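Engineer: So the chains spell out like this:
6 protein chains.
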Amino acid sequence: MPIVTVKLLEGRSDDQKRQLVEKVTDAVVETTNASPEKVSVIIEEMSPSHFGTGGKRVSDS
Amino acid sequence: MPIVTVKLLEGRSDDQKRQLVEKVTDAVVETTNASPEKVSVIIEEMSPSHFGTGGKRVSDS
Amino acid sequence: MPIVTVKLLEGRSDDQKRQLVEKVTDAVVETTNASPEKVSVIIEEMSPSHFGTGGKRVSDS
Amino acid sequence: MPIVTVKLLEGRSDDQKRQLVEKVTDAVVETTNASPEKVSVIIEEMSPSHFGTGGKRVSDS
Amino acid sequence: MPIVTVKLLEGRSDDQKRQLVEKVTDAVVETTNASPEKVSVIIEEMSPSHFGTGGKRVSDS
Amino acid sequence: MPIVTVKLLEGRSDDQKRQLVEKVTDAVVETTNASPEKVSVIIEEMSPSHFGTGGKRVSDS
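Residue numbers (the numbering used here), protein chains in the order written: chain A, 22 to 82; chain B, 22 to 82; chain C, 22 to 82; chain D, 22 to 82; chain E, 22 to 82; chain F, 22 to 82.
These aren't lab readings, by the way, just hints derived from the structure by calculation.
On a predicted model such as this, the values are computed, not experimentally measured, just so you know.
Just to be clear, a hint being listed does not mean it is correct.
One copy or any two copies: either way a pair holds, since identical chains are not told apart in the list.
As a list, the in silico SDA-like pairs of lysine to any residue whose alpha-carbon atoms are at most 20 Å apart [to be verified]: (1) K59 / R33; (2) K59 / G75; (3) K59 / M22.
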């Protein structure tokens, strides 16, 4: 039942996202003993104008 | 104050989303005794290339 | 694949939570045509000192 | 390490979002003593057809 | 309708959390023109054994 | 800036959680080219009475 959400800035290729889902699933299976088919991974992309650290958005840096 | 988030694959019609918000609210009100006007429902759609189970994205199946 | 998260104030009985998961699942299945076994529901309880509206926490009201 | 997520209806200007990230960060720093550079803020916009209160979506009101 | 979630390490006092909810609400109202009574703030505390950066949990540092 | 949240049923050992944070971070770094120190991982445990699939909670199975 593990449900993994990965929030990251937009800009990764489709191939990177495919591998991200695959490798994160492997990491969860290996360390928690969950069955692979029970692991879900959700990618949520953020726009540079919708994310900031230290009070400053990426789009303003 | 219940806040409900429904993450699901994109592709539902506007009418289905309208009913989803209505029926989920009813279910929460009925089972928790919250007042309807205190229940919020958020729909978050996922692209098939941003969701996977068992390490494989929906877009790769 | 719908994943539903319900955030609500702590204090519901175990029976209410059981029915909440059941009825919310029914509502999602009925309106989105998802298979029941693909619908997951997560309940996240909030303490009155960890939730506020209008700038005032429930525990301070 | 505070991570703040602000979900709100779409429609704010870029300048409002810039200030939102700045002012929310200030509020978190002032009240928790976190270092500013450790505070992240994520803005998540909701469409009026994806958010409802009392069982009715904003787009249906 | 803004819904704000603040995830932070456990250890803040009740008074700090009270002020956090108040000041973050003020910041959202000031920058988005939302009415205060429409702004909700949720605090979610994380244990040092449940949060890490750079692959290392706070509890292991 | 990737922020990863892993929701899973309670019951893993402290050592499993330590490795989970480490290996998931490695998987994100490897596939997205993010610097390790920019990757945060949050573990959120769910009680069997707060999670269900197919309308039935784990605690009722």
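Engineer: Hint by hint, note whether the structure agrees.
Structural biologist: Against the structure, the hints come out as follows:
1. For a Cα distance limit of 20 Å, the shortest separation of K59 from R33 across copies, 16 Å, qualifies, whereas the shortest one inside one copy, 25 Å, does not.
2. For the homomeric pair K59 and G75, the shortest alpha-carbon distance between copies (7 Å) is at most 20 Å, but the shortest distance inside one copy (37 Å) is not.
3. Taking the shortest alpha-carbon separations for K59 and M22, both the intra-copy value of 5 Å and the inter-copy value of 11 Å come in at or below 20 Å.
Checked against the numbered hints listed earlier, the structure breaks none of them; every hint is satisfied.
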